[in-house]
Structures are given as structure tokens and as C-alpha cells.
Amino acid sequence: MRKLTVMVLALIAAAIALGVAGCTSSSSSGAPGTGAAPGSGSYASAAPSSEFALYGSVKYRFAMRYPKGWPSTTSGAKAGDTSGAPATSTTWADPKGKQVNGQYLDALQVSVYKLTQPATAADVKTHAADFKAIAWGLIKSLPGFAVTDPLRPITLNGSKGFQVTYTYNLQGAPAGAMSYLIPKGRYAYWLTGQASKETWSSAWAKLTPAMASFTVKPIGSGAAVSSD
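So in the working numbering, spot 33 of the sequence shown is number 19, and the numbers just go up one at a time.
Calculated directly from the structure, the hints in this document are not laboratory data.
Source: prediction; values computed, not measured.
The reader is advised that the hints may include incorrect statements.
Computed beta-carbon distance windows for the label pairs [to be verified]:
1) Ser36 <-> Ser58: 15 to 25 Å
2) Lys45 <-> Gln103: 16 to 26 Å
3) Gly144 <-> Glu37: 16 to 26 Å
4) Gly158 <-> Thr102: 32 to 42 Å
In this text, a Cβ means the ideal position worked out from N, Cα and C, and glycines have one as well.
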């Protein structure tokens, strides 16, 4: 079986007192320009178990669904790493989706960053400008970057954060993405769904409920989750 490779772009944002320490992201980016991804607002988890599998982390306190049959890759910062890389980052890619030079483009990624101090819902509101600056720093350098749905506050399964939808060009291939930045407790979660223009409809039928299922919470026993 051909080895899974996914478009991963290294993006840098400035660190702030409350924000992500160092804040360098490895992000699989790219979403539809109009209508194919969820809008802003308050979302509840909705991912049919027959089409999705559960993934989460006890250590990093989150759970989400991902499309069954999408292989994953996981990486994390090494002990003592001061580069600002995410503490952990997992990417799933559609093996039947769009490819660019042998790399899969239709993908879902969650990256977790350690905060310099815990963030509450009140902090997210008070320091909204700082967290928005982090979000912009993670995406603004993408080639051909254009916003299709402005960055705005959201509540995702009880967690306050921000959402932005955008398009860009990747080696000549039009792509789009939706990203969520969810600062909560000791971590900030950067969740991105990505699809090429050619596969928006089919990819977002899976990416939409997967992203909407993201929840920050302790993971109960018996769940199929990662221990790291």
C-alpha cells in the first residue's frame, strides 16, 4: 500500500502572554468558498457512528469523530522543544480524494498547543484580539490566501473559540479550508478541514460532521482514544 503523505504547511504566529507559546503550526489547510462548510454559531456534535470513528486524547482532553477509512499520521514536539511546535498533531486524509504531486489534499487535522496560562471562557472574550491574531498568523501566509467567511466567535459543543473560512492555491490546485481555534484550559486546539475545489461536495459531506463533533472534555473509560 502506498505510504500516506499529506500536504503540511509550516506557519508561524507571534506568541503572546496568554496565547500559544511560540505558536508555530504544522497545518493541513484548505475549505469551500461558499456554503459547503458549517457557518458560525453554536454547534452540537453530529457524526453518525456508522460512518465515523472516535478519536481523542486523555492527556490533551479532547474527543472528535473522523471518517472511517481515512488513514492518519500523528506527530508531536519532543521534550525540551522550544520551537513552538504543537504538543501533538494528527492528520487524517481521504485516500480516494484529490492528490497533488502524489500528496493527498482532502484532509482533517487537529493540533494542540500548550498555553502559557489556562484560558477560561471569559479569557477568550477578554483576549479575543490576541487569539484572533494567532489565528491570522497561522493562515495568512498561504499562497493566494483569501477569506471567504470572516474570522468570528463561535461556541463549539460548549467551548468558546473562533472560526474562519478561506481559500488558497496549492501548487496550482484551488483549495479551501475551515479552521477553528478553541482555547480552553491549558491548551489551544487548532482544527482544520481541507478539500480541493474538485472534491468540495464529497469531502465536506464528511468534514462538516467530523469538525462539528469536536469536544473538549475528559475522556471516559472505554472510549477508543489515544493515551498520549
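Quiz item: When you take the CB atoms of Ser36 and Ser58, is the distance between them in 15 to 25 Å?
Solution: Given about 19 Å between the Cβ atoms, the range holds.
Quiz item: Range hint 16 to 26 Å: satisfied by the CB atoms of Gly144 and Glu37?
Solution: Check passed, 24 Å falls within 16 to 26 Å.
Quiz item: CB of Lys45 to CB of Gln103, is that within 16 to 26 Å?
Solution: holds (19 Å)
Quiz item: Do Gly158 and Thr102 keep their Cβ atoms within the hinted range of 32 to 42 Å?
Solution: Distance hint for Gly158, Thr102 holds at roughly 39 Å.
When held up to the earlier numbered hints, the structure conflicts with none and fits them all.
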